[in-house]
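Place chain B on chain A using the hints.
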Amino acid sequence: MTTASGARVDARGWGWRHAGRLRPAVSELDLVVEPGERVLLLGASGAGKSTLLAGLAGVLGGDEEGDATGELLVDGRPPADQRGRVGLVLQDPDSQVVLARVGDDVAFGCENVGVPRDETWRRVDEALDAVGLDLPRSWPTAQLSGGQKQRLALAGALAMRPGLVLLDEPTANLDPEGVVEVRDAVGRVVEASGATLVVVEHRVSVWLPVVDRVVVLAAGGGVLADGRPDEVLGRERERLTEAGVWVPGAAPAAPVRHRASSAGPLLQAEQLAVGRRGTRGPAVATGVDLVVDDARAVVLTGPNGAGKSTLALTLAGLLAPAGGSLRAADLLADGAGPSPSRWRSRQLLSRVGTVFQDPEHQFLTATVRRELAVGPEALGESPAEVGSRVDELLARLRLDHLAGANPFTLSGGEKRRLSVATVLASRPRLLVLDEPTFGQDARTWRELVALLAALVDEGRSMVAVTHDAEFVAALADDVVALDRAPAREAAS
Amino acid sequence: MSLLAAVETDRLVGRLNPVAKLLAALVVSLVLLLSIDAVSAGVALVLELLLLPWAGLSARQLLRRTAPLWIAAPTSVLVTALYGRDEGPVLLQLWWISVTDGSLALALAIGLRILAVGVPGIVLLATTDPTDLADGLAQVLRLPARFVLGGLAGLRLAGLFADDWRQLALARRARGVADGRGPVAAARRFGGQAFSLLVLSVRRGSKLATAMEAKGFGSDATRTWARPSRFAARDAALVAVGVLIAAAAVAAAVVAGTWEFVLA
Numbered sequence: 062m063t064t065a066s067g068a069r070v071d072a073r074g075w076g077w078r079h080a081g082r083l084r085p086a087v088s089e090l091d092l093v094v095e096p097g098e099r100v101l102l103l104g105a106s107g108a109g110k111s112t113l114l115a116g117l118a119g120v121l122g123g124d125e126e127g128d129a130t131g132e133l134l135v136d137g138r139p140p141a142d143q144r145g146r147v148g149l150v151l152q153d154p155d156s157q158v159v160l161a162r163v164g165d166d167v168a169f170g171c172e173n174v175g176v177p178r179d180e181t182w183r184r185v186d187e188a189l190d191a192v193g194l195d196l197p198r199s200w201p202t203a204q205l206s207g208g209q210k211q212r213l214a215l216a217g218a219l220a221m222r223p224g225l226v227l228l229d230e231p232t233a234n235l236d237p238e239g240v241v242e243v244r245d246a247v248g249r250v251v252e253a254s255g256a257t258l259v260v261v262e263h264r265v266s267v268w269l270p271v272v273d274r275v276v277v278l279a280a281g282g283g284v285l286a287d288g289r290p291d292e293v294l295g296r297e298r299e300r301l302t303e304a305g306v307w308v309p310g311a312a313p314a315a316p317v318r319h320r321a322s323s324a325g326p327l328l329q330a331e332q333l334a335v336g337r338r339g340t341r342g343p344a345v346a347t348g349v350d351l352v353v354d355d356a357r358a359v360v361l362t363g364p365n366g367a368g369k370s371t372l373a374l375t376l377a378g379l380l381a382p383a384g385g386s387l388r389a390a391d392l393l394a395d396g397a398g399p400s401p402s403r404w405r406s407r408q409l410l411s412r413v414g415t416v417f418q419d420p421e422h423q424f425l426t427a428t429v430r431r432e433l434a435v436g437p438e439a440l441g442e443s444p445a446e447v448g449s450r451v452d453e454l455l456a457r458l459r460l461d462h463l464a465g466a467n468p469f470t471l472s473g474g475e476k477r478r479l480s481v482a483t484v485l486a487s488r489p490r491l492l493v494l495d496e497p498t499f500g501q502d503a504r505t506w507r508e509l510v511a512l513l514a515a516l517v518d519e520g521r522s523m524v525a526v527t528h529d530a531e532f533v534a535a536l537a538d539d540v541v542a543l544d545r546a547p548a549r550e551a552a553s
Numbered sequence: 028m029s030l031l032a033a034v035e036t037d038r039l040v041g042r043l044n045p046v047a048k049l050l051a052a053l054v055v056s057l058v059l060l061l062s063i064d065a066v067s068a069g070v071a072l073v074l075e076l077l078l079l080p081w082a083g084l085s086a087r088q089l090l091r092r093t094a095p096l097w098i099a100a101p102t103s104v105l106v107t108a109l110y111g112r113d114e115g116p117v118l119l120q121l122w123w124i125s126v127t128d129g130s131l132a133l134a135l136a137i138g139l140r141i142l143a144v145g146v147p148g149i150v151l152l153a154t155t156d157p158t159d160l161a162d163g164l165a166q167v168l169r170l171p172a173r174f175v176l177g178g179l180a181g182l183r184l185a186g187l188f189a190d191d192w193r194q195l196a197l198a199r200r201a202r203g204v205a206d207g208r209g210p211v212a213a214a215r216r217f218g219g220q221a222f223s224l225l226v227l228s229v230r231r232g233s234k235l236a237t238a239m240e241a242k243g244f245g246s247d248a249t250r251t252w253a254r255p256s257r258f259a260a261r262d263a264a265l266v267a268v269g270v271l272i273a274a275a276a277v278a279a280a281v282v283a284g285t286w287e288f289v290l291a
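Line by line, the protein sequences are chains A and B. So the first sequence is numbered by the numbering used here: it starts at 62 and just counts up by one. So the second sequence is numbered by the numbering used here: it starts at 28 and just counts up by one.
By construction, these hints were calculated from the structure, which means they are not laboratory data. Note that CB positions come from ideal geometry on N, CA and C, so glycine has one too. Misleading hints may appear alongside valid ones.
Between beta-carbon pairs, the in silico distance windows are [stated by the list, open to error]:
#1 Phe469/A with Ala212/B: 41 to 49 Å
#2 Gly107/A with Ala212/B: 37 to 45 Å
#3 Leu53/B with Glu132/A: 49 to 57 Å
With the Cβ distance kept under 10 Å, some of the chain B side facing chain A (calculated, not the full set) [to be verified]:
#4 Ala172
#5 Ala198
#6 Ser233
Same shape as in the complex, but just chain A (with noise of 0.2 Å):
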């Protein structure tokens, strides 16, 4: 990869105010980063960051979008004056996709910016190559994995040349596999480029080998810390794992257990088959033998396209099985039928609960408060009962202080805790999560565990799709682990 140089970053009490906000996201910021540095920007959910790096790469928009204060440069210029010079990956693989053909889309940037024909495939072939991407130039994008796709997003943003390379979030919907990839590509990148980079993540372990200094932002404006990451970890370990940082080796606290005893299997597979389109369309995984009992909880593993999300979904009633049998017991039945597809959409709500891997898939209305009363009136509970039962369930997942706003709203951690309270609201025998741990920072984590946790002791049953190797540790009475779908080709 051909050197180009790094960019110095310069904030001077900068400040950023998004338009229909009280509060700033970021004020009274003085920071400098010289050429070459690889920077971990850490804080506390809401502390501003994505706001910084949304900054950086100049896509805040103009003066209807919200009021800066102070200077943010670049190489001593305003950033959305010199495209080309920052380049941005951003957490979701999908929204960052442009062009239907993977050579396309790395040359998109470059053809903004203006890079002849002939030198524009030239940096193509480079960038995929130094991200690892071994692909033509024409492959289907569609066809791309989640840390696939991440790389591809990084080698457009390498094709322009960036001076300051920003990653917000870029692993974090992304399995272990996936994780690795990209960020040994960036490592790589970085390394042979010599551009600057800066990089937003709670994991902090998975960064480690690759920056050189860790910066915390406060959560009122400024700077909390900043130095050598060794340093800085050290000395501020509380105040961040207080934050929800994952601090390296500060493991997070298994919740204590006080198992209650189990009344017998509630849902029973043999041999099922399971398909994204139930009985139409092909099987995604086949053969799965397991059983879920009362009071205890199943962990699904595996490597991407294996089926975890679909089996999930079976059991949870929601896909009709594509072969084999599932049967649930009396105990889970309750006089519904031994079949949770045929169940009509009112008997699952006290059956099973399913909280999807995307939150914003199942939100229903306008407020949160609204949200959590979905389920107990569709259950038909008096107007008192359901609201006391909201009540209870705003102030124990933390979210009484947004009981009013519009859940599309809430940050990662607060949408994650409503989805899961709007299916604990019509307190469900059986609870079905799809990825519950996906991006969540470390104190979300740990509310998240201990819930669950309490949930399965006090005798409720949980199936669980996870990569979450701490999760499993905490959580799981038994493992069913898939492979990789020898059809998936096929069926993708």
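For chain B alone, kept in the frame of chain A given last:
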């Protein structure tokens, strides 16, 4: 999505500039919309069918892709024949249904027209990659890049709709609000789910817009094009073929005395 994706082909049709295909199909369609008569549509359709062997599609692909036409055309023929404006001798009378010479002629004209307009449109879609079409629109027709590439990126997001829609349906079932029989409950459910899809799409769209802006999209720099889109002699020839088909259709109808200018 496989029915919407372009067929990969190294035949001539795959190398033609998409803009030429678009222009040729447009010329034929627009001219055919000027009259409602069987002769012009019939002549155009016959000429189009003669060109089909060069469309780069196998018989199977062609049948699959044009399936909507084979449903739409006979349906319209039937409906127009039974309920169309009556004119001339009555051929069949059954309660309020009457088939006349006039309604039969109209039915034939409409059925042929659907095929004559539909076939080139479907061949265009089936053999054209959206990215190549966007390149052509921006470089050959000089449409604004912002508009063309924005539309192209939006099209890719639309490919995620089917998945989102299924997820939303599952989520509604899980939340206990998917019961209720009858058209009113179904309509309400559809409306709610469509609104959720809209919210999701807008959110994803704004994230994509940020990613595009960060890659310099919409900046003041003069844009270069990594994939050149050239309008060659063979492309001009294709447009000329379109013009010839349209002209032949009109001429045949005028000579036969069936040309009926709809705007007159």
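Okay, the hints, checked on the actual structure:
1. A hinted range of 41 to 49 Å is violated for the C-beta pair phenylalanine 469/A and alanine 212/B, which are about 25 Å apart.
2. Hint check: glycine 107/A to alanine 212/B, Cβ distance near 41 Å, so the stated range 37 to 45 Å holds.
3. With their beta carbons about 52 Å apart, leucine 53/B and glutamate 132/A fall inside the hinted range of 49 to 57 Å.
4. At its closest, the beta carbon of alanine 172/B sits 9 Å from a beta carbon of chain A; the interface hint therefore holds under the 10 Å criterion.
5. Of the supplied interface hints, the one on alanine 198/B holds, with its beta-carbon coming within about 4 Å of a beta-carbon of chain A, less than 10 Å.
6. For serine 233/B, the interface hint holds, the least distance from its beta-carbon to any beta-carbon of chain A being 9 Å, beneath 10 Å.
Violated hints amount to a single one, hint 1; each of the other numbered hints is respected by the structure.
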